[in-house]
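Colleague: Each chain is listed here by its residues.
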Amino acid sequence: MTTPLLAARGISKSFGPIQVLDGIEFEVNAGRNIALCGENGAGKSTLIKLMTGVYHPTAGHVEVDGKPVVFPNPKVAIDAGIAVVHQEFSTLSALTVSENIFLEKEPRTRLGFIDRRRLKADAETLLADLGIDLDPGRTLDRLSVAECQMVEIAKALRTEARVLILDEPTAVLSSRETEHLFRILAGLIDRGMGLVYVSHRLDEVFEICTDITVIKDGGVTSSGTIADYDHDKVVAAMVGRDLGDLFPPKATAALPQPPALAVKGLVVESGLPPVDLEVRPGEIVALAGLVGSGRTELALAIFGAAQAQGEVQFLGESLPRRSPGSSLARGLAMLTESRKTDGLFPGASVGWNFAATSLGKDAQPYALSPANEERRAHSVVERFAVVVDDTGQPIDSLSGGNQQKVLIGRLLENAPKVLILDEPTRGVDVGAKAEIYRTLRALAEAGVAILMISSELIEVVGLADRVLVMRDGGIAAHLTGADITEDAIITAAAAGDAAGASLDRDPANV
Amino acid sequence: MNGLALRLGSTATVRGRKSRELLLLTGFLVVIWTVTGILSPRFLTPQNLSDILVQAAPLGFVVIGQMLVIVMRGLDLSVASVMATAAVLSTSTFDNTGGVFVVGILLGAGVGAVNGYLVAYRKVTPFLATLATMIILQGIRFAYTGGAPGGSLPDAFRFLATGRIAGIPVSLMILAVVAFAAHWMLERSVLGRQFMLYGDNPAAARMTGLPVNRLVVLAFVISGVMAALGGLFLVGYVGIVDNWTGRGYELDSIAAAVIGGASLRGGKGSVLGALLAALILVSLFNIVVIVGLSIEFQMVIKGVLILLAAGVYLRSSRA
Amino acid sequence: MSDFARAIRFQPVHLVIVGLILTVFVVGAVHSERFATLTNVSNIQDQLVVLALVALAQTVVILSGGIDLSFAGMLGLLTVLFASVAGGDPAVFAAAVVGILTLGALLGAINGGLIAFTGIHPLIVTLATSSIMAGVALLHSNQPSGSVALFFEDLVYARLFGFVPYGTIYVLAAYFVIGFMLWRTQFGTRIYAVGDDERAAAISGVPVRLTKLMVYSLSGLIAAMAAIYMVGRFGVGDPRAGVGFDLRSITPVIVGGTILAGGRGGVLGTLLAVILLILLRNVLNFLNVSSFYLWIVEGLIVIVAVSLFAARASK
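Protein chains in written order, with the numbering used here: chain F, 1 to 510; chain H, 511 to 829; chain C, 830 to 1144.
The following block holds chain F by itself, in its conformation from the complex:
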């Protein structure tokens, strides 16, 4: 066995009392592409950050060429030949392509000034080498997301990197762009680089990886060459339990009621196709599709947080002018995609976060009622088993799963009739996920209409009664009953596939 280029040896990491990784063994070998799989929150990102000097292990160590090393900061890891393309980009939109690629590694003249001519030439050479067609002199605020991703990869490979770690690199790419990326990656493997490929998309993993390591709850559950695995084996290692345990049974009875939410010809952005959809009381409808297919934008437009042309009917009544406030007042509530960005009030207490949507709904419309707030917050804490000592505790001291429970509790405060949930289980541990699924199903059974956006196919397949697959801002397919499979969703979500597109174009007919 050859010495691995990079290895994690019994590596553990805790943040305060929370143990995120526990004794991880992981090897990256030359000319191989190892997939790192696991659910959100399993510890993949933490492992990558430990191997690239962003975090420091609480136990165990990192090895390069078989020798123990310490990376005090990312720069040292980069110098050791470990390159990483993070899920969050590190590109700077105010700088040009060439400035981005060679940031901190700018070619110098003899006097120590940046050699602008060589900077440009080097960038051109590198981009051509990778088969990327970009003008090195353009600033990144003029490039598409996919182009920025290419810059990110070029930047990672500007030095003699021997290991390249890619964290969800295709999340923002179209299928054509993904193919392009795979060609580039194949070339790198041929040159003897070691790759680490982190992805949720198992089809991609089987397409380009040679090895696989699955982690769950901070430990390695399974590891080996890809040939020994099939789809189900990977999923079983990731989830660690039967899907049946995770998801409550779906709705069985037909739903005779008129739709609670009906969208007709909604155009989110000029140039995008008009969207029609319906959600009836009692059903969970999932909006599936790739990141960037327009799901979040559609949800925000329905909720009234973004401008759009077209009609939205709520309980049979047309709502021409919508805003988050008016939607909430009518019983249309939304859970946003990013807790941190536009969900939580991070500096406020659990109680304040919980009460935010029901301010002024008490007997006295202008004055707060601390006693009522306290009582209701307690009832939510009990109902959703939120782990918290005191509702006066700042919300950012809670785990992601508990934060999400508070936000879901807040959504239900005004007894909504329609719920829009954008990635409701993101950054939530498996136990909390199961609770959230049960809650959503119970709500549906109580007559709430639920529209759920999710990138986790397991979740879409396991929970949704109907699935609308979005592609390029329009609805590409409509799946019901036994037709809801991961394959069908992926096929429809990927561009240009006739089979996926022909499934059903008009959900209103169903």
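These aren't lab readings, by the way, just hints derived from the structure by calculation. A few of these clues could be false.
Far from chain C by the CB rule (all over 12 Å, computed), these chain F residues [what the hints assert, rightly or not]:
(1) 16
(2) 59
(3) 94
(4) 104
(5) 137
(6) 145
(7) 146
(8) 147
(9) 199
(10) 252
(11) 358
(12) 374
(13) 399
(14) 441
(15) 481
(16) 486
Taking lysine-lysine pairs in the BS3-like style, the calculated list, with each CA pair at most 27 Å apart, reads [said to hold, decoys possible]:
(17) F:264 x F:105
(18) H:528 x F:340
(19) F:233 x F:264
(20) H:633 x F:340
(21) F:120 x F:49
(22) F:417 x F:250
C-beta: ideal position from N, C-alpha, C; glycine also.
Use these hints to put chains H and C onto chain F, whose structure you have.
Modeller: This is chains H and C only, laid out in the frame that chain F set:
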């Protein structure tokens, strides 16, 4: 958990953190008063203490508004300009009638509305919006007065700023009423909660259906009105109207708000803290004079205090 | 965009400013025959030196995503200190220049250190240090005081070709050096990177704290340059010399197209905006318009400029 510890010192809750900060400020004030009292017998006399309070009143008005804008992730650089303009306008428009206050307050509200409009609807950063209105207002004021403000100071001004009823300074009574109203608004009313939530996370505030643009405008309007009040009380106290009345108050009020626990990152601040900080600042100015230090030490002390306070709060919020 | 345009950070708004400068100049020339004279043109240049320098310092700080409100205290302190040692013979004078530039850089480094290592908002830090420095300046001397070597005063008042004061050369040299630094040094790229996105810059290996420290230090150094010039021009050190420059230094930066949030803009726009603002004041004087109206115009320009950039950024 021990209930008393929770209320007074525990940093485990948001409220506990805030109580601890207020306790710290009060403690600091008590310490400097005691030490100075020991050093100089002239300090802890009722006359001197009430002088300090009356002197602090104009800053007290201004800092309440400034603190509110800072809670909303803003900053109001126009307060000093509003103070002077309100004073100049009021004294030259009417004589000895209640009208003087109305004109000044309307001006403050108007300037605040413009600031709020620029910030909420034109997406101009508060710093630049209020910088611009500050300069424009300054130009209007100087052009209006021709460089030298005329008009006499109505007697009503002098009375409100320096008069006493039953031995209690009138200005303090009015400040107390305004401060109590502001405190109730911020701590106990739905509006105040909305201000705090917006300051904590504007995007989340929008998604939870709060009337975000109206909140921003309202905060700036309140700041303008408080600045106008501060200006009127200041000229009443000083006795002379000047085109530069209130100069330096924009930065002093920011300093007091920060010392009082407000963070430029928003979502944090209290009326009580802001007033305590204003009182601490003015006390220190008084103390410098009383213990016979050169008056310039005031500026050094102010600077050190700002850094100290900002550093302490940052540590406590990270702890 | 051509490499040259990128090197000088050209923006279309600069053409608008140049157009305004020409318009204002023509209006002045048509209205008064004393306006377009060598004397007046060199007066205008004299008037813009200090503002141009502090605005240059502010540009660098704003590009890095910060703000420096310490000029009010710093200029006062540096002028009184410089004036108290810069009299006498050239050797002493030279030592004083080196000393005051070093002190400026050090004071700036204190600002930068506090900002980089405590995490306190730059506005608060520089506001506080400004107050402290102003207090120390006033403690040192309550009145304008001191003197400066005569040859230096002569130099400041001398004119090349009869209409180019050395102050202009001084300013142009400073702008050129800083412009070159932003374009051709690693530090320059780091300033833009930190101002654009601190987190992404840190991930890319940019030493964010060191960059901030150096930025404020550079700002202090440039402020010291302005202080030296002020002493040469007024013959004394004035503890109140900096009053107002904290906020005045910001207007030209913003009008020149540099974004307050950082990462975008450059020194060319600032220089053009300084010229426009000083010229405007000069012309209003000639038109017998009270300079009070200049404030109104200045404020409106800021609002228009900022709204313009905000609209562009949201596209």
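Colleague: Next step is simple, just say for each hint if it's right about the structure.
Modeller: Structure-based check of each hint:
Listed as outside the interface, residue 16 (chain F) is consistent with that label: its C-beta sits roughly 20 Å from the nearest C-beta of chain C, beyond the 12 Å cut-off. Chain C leaves residue 59 (chain F) outside its interface by the beta-carbon criterion, the shortest separation being 25 Å against a cut-off of 12 Å. Consistency note on residue 94 (chain F): stated as away from chain C, yet its beta-carbon is not over 12 Å from all of that chain's, at 4 Å minimum. Some Cβ of chain C comes within 12 Å of the Cβ of residue 104 (chain F); the nearest lies about 5 Å off, and the non-interface call is violated.
Not every CB of chain C lies more than 12 Å from the CB of residue 137 (chain F), the least distance being 7 Å, so the non-interface label is violated. Distance check for residue 145 (chain F) against chain C: the nearest CB is about 14 Å away, which clears 12 Å, and the non-interface claim stands. For residue 146 (chain F), the non-interface assignment is confirmed: its Cβ lies about 18 Å from the closest Cβ of chain C, beyond the 12 Å cut-off. Look at residue 147 (chain F): its CB is around 16 Å from the nearest CB on chain C, clear of 12 Å, so calling it non-interface holds up.
Residue placement check: residue 199 (chain F) keeps its beta carbon more than 12 Å from all beta carbons of chain C (closest about 20 Å). The beta carbon of residue 252 (chain F) is kept farther than 12 Å from every beta carbon of chain C, the shortest such distance being approximately 48 Å. No beta-carbon of chain C is positioned within 12 Å of the beta-carbon of residue 358 (chain F); the least distance is around 32 Å. With a minimum CB-CB distance of about 33 Å to chain C, residue 374 (chain F) clears the 12 Å threshold, and the non-interface call stands.
The beta carbon of residue 399 (chain F) sits about 23 Å from the closest Cβ of chain C, which is more than 12 Å, so the claim that it is off the interface holds. Chain C leaves residue 441 (chain F) outside its interface by the beta-carbon criterion, the shortest separation being 38 Å against a cut-off of 12 Å. Residue-level check passed: residue 481 (chain F) sits 44 Å from the nearest beta carbon of chain C, beyond 12 Å. Here residue 486 (chain F) stays apart from chain C, with its beta-carbon at least about 33 Å from theirs, past the 12 Å limit.
For the hint pairing residue 264 (chain F) with residue 105 (chain F), the CA-to-CA distance comes to about 53 Å; that exceeds 27 Å, so the pair is violated. Distance restraint check for residue 528 (chain H) and residue 340 (chain F): the Cα-Cα separation of roughly 23 Å lies within the 27 Å cut-off, and the hinted pair is therefore satisfied. Taking the CA atoms of residue 233 (chain F) and residue 264 (chain F), the gap is about 42 Å. The hint is violated against a cut of 27 Å. Straight-line distance between C-alpha atoms of residue 633 (chain H) and residue 340 (chain F) comes to about 22 Å, which keeps the hinted pair within the 27 Å bound.
Restraint check: the Cα-Cα separation between residue 120 (chain F) and residue 49 (chain F) comes to about 31 Å, which exceeds 27 Å; the hinted pair is violated. Proposed proximity of residue 417 (chain F) and residue 250 (chain F) is supported: the alpha carbons are some 19 Å apart, at most 27 Å.
Hint check: violations occur at hints 3, 4, 5, 17, 19, 21; the rest are consistent with the structure.
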